[in-house]
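Could you build the full structure based on these sequences and the hints that come with them?
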Amino acid sequence: LLWTAQRTISTASRRQFENKVPEKQKLFQKGNGIPVHLKCGIADTLLYRAIMILTFGGTAYSIYQLAVASFPKKLD
Amino acid sequence: MTHQTHSYHMVNPSPWPLTGALSAFLMTSGLIMWFHFNSLILLALSLLTNTLTMYQWWRDIVRESTFQGHHTPTVQKGLRYGMILFILSEALFFMGFFWAFYHSSLAPTPELGGSWPPTGIHPLNPLEVPLLNTSVLLASGVSITWAHHSLMEGNRKHTLQALLITIMLGLYFTLLQVSEYYEASFTISDGIYGSTFFVATGFHGLHVIIGSTFLIVCFMRQLTFHFTSNHHFGFEAAAWYWHFVDVVWLFLYISIYWWGS
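Chains as they are written, first to last, in the UniProt record's numbering: chain A, 1 to 76; chain B, 1 to 261.
Hints in this document: simulated from the structure, not taken from any laboratory. The beta-carbon is built from N, C-alpha and C at its ideal position, and this holds for glycine as well. A hint or two may mislead.
[Stated by the list, open to error] Computed cross-link-like contacts, BS3-like style, restricted to lysine-lysine with a CA-CA straight-line distance of at most 25 Å:
| no. | chain 1 | residue 1 | chain 2 | residue 2 |
| --- | --- | --- | --- | --- |
| 1 | A | Lys-20 | B | Lys-157 |
| 2 | A | Lys-20 | A | Lys-39 |
| 3 | A | Lys-24 | A | Lys-39 |
| 4 | A | Lys-26 | A | Lys-39 |
| 5 | B | Lys-157 | A | Lys-24 |
| 6 | A | Lys-20 | A | Lys-30 |
[Claimed, not checked] Coverage of chain A stretches by chain B, computed from C-beta distances (three or more under 8 Å per stretch; other residues unrestricted):
| no. | region |
| --- | --- |
| 7 | 17 to 25 |
| 8 | 30 to 39 |
| 9 | 45 to 53 |
| 10 | 60 to 66 |
Structure representation (structure tokens):
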């Protein structure tokens, strides 16, 4: 059980922001074995895949550029 | 017995340290490609992957703390040590640039005309926009303290108002500095004066932008009820960082803008 301390003294406000923290706490505390960086579902997975493709792809590209730069064309 | 019997946080395995390191590699390679081969693609990729790493890493920390409750007092103590040490490292970073400034300005070489400011350099008037900038940052230090006290007292509305004022002041400072950079009669390539001025104030300006971003994140977290009246370390870390940025400016103002003119 997680103690949730008082988060707000509610006063009348124009923008009605609801406190969604308890819902999030329930979602992220599900004992489903999913690591925290993937626990919010499909959006997490897509973002994870995107960054993996970008970083590993970029690394491969930079090593390729290194290979190209290592063999400069002779100027005739 | 499947639950932990200690108060530390055993973090889930995470890919972000790896993607962060790779983005740093892409950044250095990207700079080489830009400087020597006139290609910006790797650099752009590095900035994107770096931003994505920071977003996801800090998003996960919010999940682990606010949503999963892993930030016990023990863990929070470690985070406090960490933030203090980080700010200390940044202070040392700036000390290097102040060393460079004083080294050059205390004994100006004959090439500079034997004077500081060097011959031909017309420094900015310290009593004009730089003084306004000083008052803006000092005021933002007051407003962020008000925000903290409001947060500790459980006053949601005042916390949001004071945080917003702090952010506005930070943005105002940034805009004023950009206009000063544009209006200055000297550039970064105007000898050692230009180098010390723009590198020191430039890195400071970058830290103002970083600090403002941190404060905006805190504002959004306060809007969405993440902070409680007695547990809000993210906010405290942002406040410490903001005060640090303010103090660096005071040293810059006194050394470079005032004494250096």
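Here is how each hint holds up against the structure:
1. A C-alpha spacing of about 18 Å is found between Lys-20 (chain A) and Lys-157 (chain B), which places the hinted pair at or below 25 Å, so the restraint holds.
2. A distance of roughly 17 Å separates the Cα atoms of Lys-20 (chain A) and Lys-39 (chain A); the hinted pair therefore holds under the 25 Å criterion.
3. Between the alpha carbons of Lys-24 (chain A) and Lys-39 (chain A) the distance comes to roughly 11 Å, so the proposed pair stays at or under 25 Å and holds.
4. Distance restraint check for Lys-26 (chain A) and Lys-39 (chain A): the Cα-Cα separation of roughly 12 Å lies within the 25 Å cut-off, and the hinted pair is therefore satisfied.
5. As the CA atoms of Lys-157 (chain B) and Lys-24 (chain A) are separated by approximately 23 Å, the hinted pair is consistent with the 25 Å bound.
6. The suggested pairing of Lys-20 (chain A) with Lys-30 (chain A) holds, with an alpha-carbon distance near 16 Å, which does not exceed 25 Å.
7. For the region 17 to 25 of chain A, the stated coverage by chain B holds: 6 residues have a C-beta nearer than 8 Å to a C-beta of that chain, and at least 3 were required.
8. Chain B is given as covering the region 30 to 39 of chain A, and this holds because 4 residues of the stretch bring a CB closer than 8 Å to a CB of that chain, at least three being needed.
9. Counting residues of the region 45 to 53 of chain A whose C-beta sits closer than 8 Å to any C-beta of chain B gives 5, which meets the bar of three, so the coverage hint holds.
10. Against chain B, the region 60 to 66 of chain A contributes 4 residues with a C-beta closer than 8 Å to a partner C-beta. That satisfies the three-residue criterion, and the hint holds.
Hint check: no violations occur; every hint is consistent with the structure.
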